Each structure stands twice: as C-alpha cells, then as structure tokens.
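Given the sequences, and given the hints that come with them, work out the whole structure.
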Amino acid sequence: MATLKEILTRRPVAATIRLTVPAGGAKPAPPVGPALGQYRLNLMAFCKDFNARTQKYKPETPMAVTITAFTDNTFEFTVKSPSVTWYLKKAAGIESGSSRPGHVTASTITLKHVYEIAKIKQSDPYCQYMPLESISKSIIGTANSMGIKVQKELD
Amino acid sequence: MSLPLSSLCSHFFKHLTYCNSATTFFSFLRRIHCLPPPNRFSFVPSARAARQQLLSRLNVTAVNCSTLPLHNGAVTAHDAFILHYLSVRICCPRHVADVLSESLLCFGASSTTIDELDSHESGEEIWISSTFDVDQDVKDCISRAADSVGLKEIPNYKVEMHDHTDWIKQTQNLQAINIVLNPGLAFGTGEHPTTKLCLLLLRRLVNGGEYFLDYGTGSGVLAIAALKFGADLSVGFDIERQAITSARHNAALNNIGPEKLLLSLVPSKNGPEFENECPYEDISSQDLYNSKIIAEKDKYDVVIANILLYPLLDLAERIVSYAKPGAVVGVSGIISEQVPTVVEHYSQFLDDINVSTMDDWACITGSKKTEPGTT
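Residue numbers (this note's numbering), protein chains in the order written: chain A, 96 to 250; chain B, 117 to 491.
FYI, nobody ran anything at the bench for these hints, they're computed from the structure. Treat each hint with caution, since some may be false.
Far from chain A, some chain B residues (derived; all Cβ distances over 10 Å) [claimed, not checked]:
| no. | residue |
| --- | --- |
| 1 | R260 |
| 2 | G346 |
| 3 | H365 |
| 4 | I372 |
| 5 | N386 |
| 6 | V459 |
A partial selection of chain B residues facing chain A, derived with a Cβ cut-off under 8 Å [unchecked claim]:
| no. | residue |
| --- | --- |
| 7 | L221 |
| 8 | S226 |
| 9 | S227 |
| 10 | D231 |
| 11 | T247 |
| 12 | H278 |
| 13 | Q454 |
Label pairs and their calculated CB-CB ranges [claimed, not checked]:
| no. | chain 1 | residue 1 | chain 2 | residue 2 | range |
| --- | --- | --- | --- | --- | --- |
| 14 | A | P154 | B | E433 | 14 to 24 Å |
| 15 | A | Y210 | B | L316 | 44 to 54 Å |
| 16 | A | E211 | B | G346 | 52 to 62 Å |
| 17 | B | P456 | A | S229 | 28 to 38 Å |
| 18 | A | P226 | B | R320 | 49 to 59 Å |
| 19 | B | S401 | A | E228 | 46 to 56 Å |
| 20 | A | K175 | B | D256 | 20 to 30 Å |
| 21 | B | S401 | A | K232 | 46 to 56 Å |
| 22 | A | P154 | B | S401 | 16 to 26 Å |
| 23 | A | P220 | B | G373 | 45 to 55 Å |
| 24 | B | L316 | A | N239 | 53 to 63 Å |
Since the model is a prediction, treat every value here as computed from it, not as a measurement. Using N, Cα and C, we set each Cβ at its ideal position, and we do this for glycine too.
See below:
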C-alpha cells in the first residue's frame, strides 16, 4: 500500500518507456535518445544514473530498463537483469536457440548453470519472493523451449 | 518521389557493405518494396539544413549524405549524427499493450513507449511507439511478437524513418543559473547530486589562486565554478569530443578566456597511449588534444574526478598523480554501495579519506600522500 505522502504527491504519468541498453553503455544515441528525448527527459542524468547502477555487470550485457516519465519532465526507472534466454545462450555457448525445439537439441547445460542463473534472477524486483526452486523450474522450462538440454553434470 | 527513395537505397547499400552477407541483401530488397509511400518520410530539405546547423554548432565536420559515400565497411564516428532509425506506431487492444511491448523488445525492437496521455481519450485501443534499427525487419518482428502474445492477427502499424536532429534539438534547453550553461550532449547542468556534492567541495577548498583539474569535465560546470570561486587556472580533461567543445562553448558564455580554462581530450583507458604524441587519427580530435598539459604532473592544488566507478578505479593512479603532494583529490559519480571499493582502492594514494553523501550518491575526498624522501 502506498503511504499517504506518496499518494498526495503522486505525479501524473506521461509515458512508460521500455528499453534494452547495454550495461555501462548508456549514451544519448538510439535507443535511449529518441525514446527519452521525446518526453524532454534529462538524457545525461539518465545515462549517468544508469551507468553507475550497472557498473557491477559485465560491460555490454543487455539490460532491460523500464522508465516512467512524469508530466513534469522528471522520471524514475527500474533496471532488470538480462533475460533468461540471454543467460542460457551465454551458458550454453550458442548464438541462438534451436530451430526445432523439442526435436533438435542446440546445446546442453548443467544444473549448476541453472542454479547460478536462478540466484541472479532472484535479485530482480519481481522474483524476490519466489523460492529458488520455482525460479529454477521456470528456467528449465525456458531452456526446453529453446532446445537446450539440462544435465546433472557435464560428461 | 525518386529522390528520397534513392537516398534511402544509398543508406541501405552503405549497410550492405558493412554487413556483407547475402541473406541480409534479400531482406533489404523485400523491405524496400513493402515500405509505405515516401510522403511519410521526413527526408525533407529543412531537416537536412537543421542537421548541418547542428553539426557546425557541435564542431563536427559534416558528411554530405546526398552523395553516395560507400565507406570501406567502416562506419565512422561522424555517421553517428546522420544515422537514421525507424519509428513505428502500433495500434493494439489495451489489455495486451504491456505484454506486447515486452515481447517486441525480445524480438528486436530497440525501445517501446506507451504514452499514457493518449490512452485517456480512446476506448479499447492504445498506441505503442517503438523504435527499430534501420536494418531490422519490422514486419517480421511485429508478427512474431503478436503471435507470442496471443493476438490472432498482426496489429495495424505505421513505419516512419527519422534522423537524430529531431530528438537532439529537443534535449537542448538553456538552463539559466548563475553559471550560464548549455550542456548539450555533455553531462553537467549542476542539478545532479554528484555535481552538487562537487560544487560544495569546491566552495570549501577554493579560496583564491589555486590550480584546479577537473577530470571528466563534461560541460565544464566544475571547472567554470572553480574559476568563479577564485581559482587561478582550471584545466578540464574528458574522453568525449562533444564534452570539450561544450565546455569551450560554456566558458565563452561565462566570459572566460581560453587561457584561464584549458581543455584537452584524453584516452579513455589507462595505458601507454597517454604518453604518445597524439593517439588520435582524425584531425578534429587532434585539435582538441593537448599533450603538453596532459604531461604536467604534480601541478594542481585541487583535483576532482566526477565520472564512474570503473574509470575511477582504472585511472586512480593517474588522477592522483596530477595533484601536488598534500593537495586534495575528490572523486564522485559513485553510488553509496560502491563507496567501500573506491575507498579501499584510493587509500593507497590518499590520506584522511572522507565520504559525503547526497541522495544515493557519494563523494570521496582525501589528500595526496606526501612520500617521505622525495622533493
């Protein structure tokens, strides 16, 4: 529940902007530029803030960020960790998923990989209250849909 | 009608030599046929004139894009101002808007925007604006996204080609504060907490006659402020050309001559390039590179570096080397959780480390160690 203060000072939302920006690499060029410039948001402030918060990730990791632009030209944003499919592709060492998932296996990964990915995902705002086991199951499901097999150990 | 289409083709061919693959060639041809009629393009002479004006203002040599410049596969930095992007407006039912925009991002869109103000008038439907790179297959991406969300048919959409002048112009607004600043595309209007923290630090330290170095000067706001507080000389370093030109411009706006505010471009990574005569190949960067002031160490009474965590760690020794022994060095641009790492790394170079914070940002100060036994 929002506090009383938050309700009283709530600003009307002008737009919700979703972007994929490489970690530490926000610049006033597309995709950031046109999307934010349209609402007269302070581009450089966003870039600096975003770059500072994503310093702990490997550079050029694609981060999903959702920006809420308010009508008074201010904004707030939340940064989400990269998508599960991206992590799976990196862990399996492949560029793209299998063309016929279920029939053709693109690559294999171990349970350890799944566990590591689940740990990272748990720090995401919307996954925090899920048990690690559920997150892992959902990651295995995604892997299956991409044609990546999950093994107990690599032989 | 032929003029916009041919300049469109020239741009695609430019990408063709860059990408160099047979499959992309066919997708380009396919897209040229399905694009909507040219009256939707913003390829009008006024856009080009505005672009030229903008480029001259930013001091970049303009590439004339009406001819057919086939670079040898390399896209130079100048093209960054002339690159186009595709802006697509998609109409979809309101309840799938959120999911559809996430799914568009997965299938290749660069960004999606849902405008809330539109949504109050219309009933069932909502517009999503999306941007794509010029070499993306828009139709394919939209159909896959619609499919994955569960829509039975491809939603209506309109494609337009835009170029950068549209949004660059919108972000340049003149901020009237005591220091007259037009940051343009450089960082530093004085409003960010890190800038404020550094300004407070400057006010405390600069009393008159000091030499000040601003590492990562951006718009030059800190260097100019130091001069206003009474410093004798301000020097600014930055890795971006736009920052140097922007800082020069702001110095002029505040009636500060080039002899009071020296600026130079510096390499972004710490390494042997710093000591070279000039690591840049293009003339416009060479103009902005001043190897003489880059080499002057142990010169400054106050050094401030308001950049980011990793550059601060990487360049720590270099930043501190510019300060006189016992002089104050301040670093900022770090969020509170990054403070311990920075303090630990800088404690090998600085004594009396102090941390001040504002909002979630921190500024760390210390004085350069005076080594016993050296002059």
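Now the hints, each set against the structure:
A cut-off of 10 Å between C-beta atoms confirms that B:R260 is not in contact with chain A; the least separation is 13 Å. Against chain A, the non-interface label of B:G346 holds: every CB pair exceeds 10 Å, the least being about 28 Å. Remark: the non-interface label on B:H365 is consistent with the geometry, its nearest Cβ contact in chain A lying 15 Å away (cut-off 10 Å). With a minimum CB-CB distance of about 22 Å to chain A, B:I372 clears the 10 Å threshold, and the non-interface call stands.
No beta-carbon of chain A comes within 10 Å of the beta-carbon of B:N386; the shortest separation is about 16 Å. A cut-off of 10 Å between C-beta atoms confirms that B:V459 is not in contact with chain A; the least separation is 16 Å. At its closest, the beta carbon of B:L221 sits 6 Å from a beta carbon of chain A; the interface hint therefore holds under the 8 Å criterion. Using the Cβ-Cβ criterion of 8 Å, the hint placing B:S226 at the interface with chain A is satisfied: the shortest such distance is roughly 3 Å.
Against a cut-off of 8 Å between C-beta atoms, the interface hint on B:S227 holds, since the closest Cβ of chain A lies about 4 Å away. Because the closest C-beta pair between B:D231 and chain A is about 5 Å apart, less than 8 Å, the hint holds. Because the beta carbon of B:T247 sits about 5 Å from the nearest beta carbon in chain A, less than 8 Å, this interface hint is met. Satisfaction of the interface hint for B:H278 is found here, the shortest Cβ-Cβ separation to chain A being roughly 7 Å, below the 8 Å cut-off.
For the restraint placing B:Q454 at the interface with chain A, the shortest Cβ-Cβ distance is roughly 7 Å, inside the 8 Å limit, so the hint holds. Between A:P154 and B:E433 the beta carbons are some 21 Å apart, a value that agrees with the proposed interval 14 to 24 Å. For the hinted restraint 44 to 54 Å between A:Y210 and B:L316, the CB-CB distance of approximately 46 Å keeps it satisfied. A:E211 and B:G346 have their C-beta atoms about 55 Å apart, which keeps the hinted 52 to 62 Å range intact.
A beta carbon spacing of about 33 Å between B:P456 and A:S229 agrees with the range 28 to 38 Å that was offered as a hint. The hinted range of 49 to 59 Å is satisfied by A:P226 and B:R320, whose Cβ atoms lie roughly 51 Å apart. Take B:S401 and A:E228: their Cβ atoms lie about 54 Å apart, and the range 46 to 56 Å holds. Between A:K175 and B:D256 the CB atoms are about 25 Å apart, so this pair conforms to the stated range of 20 to 30 Å.
Range check, B:S401 to A:K232: about 53 Å between beta-carbon atoms, so the 46 to 56 Å window is met. Hint check: A:P154 to B:S401, Cβ distance near 23 Å, so the stated range 16 to 26 Å holds. For the pair A:P220 and B:G373, the supplied restraint of 45 to 55 Å holds, since their beta-carbon distance comes to about 51 Å. Evaluation of the 53 to 63 Å hint for B:L316 and A:N239 yields a pass: the beta carbon distance comes to about 56 Å.
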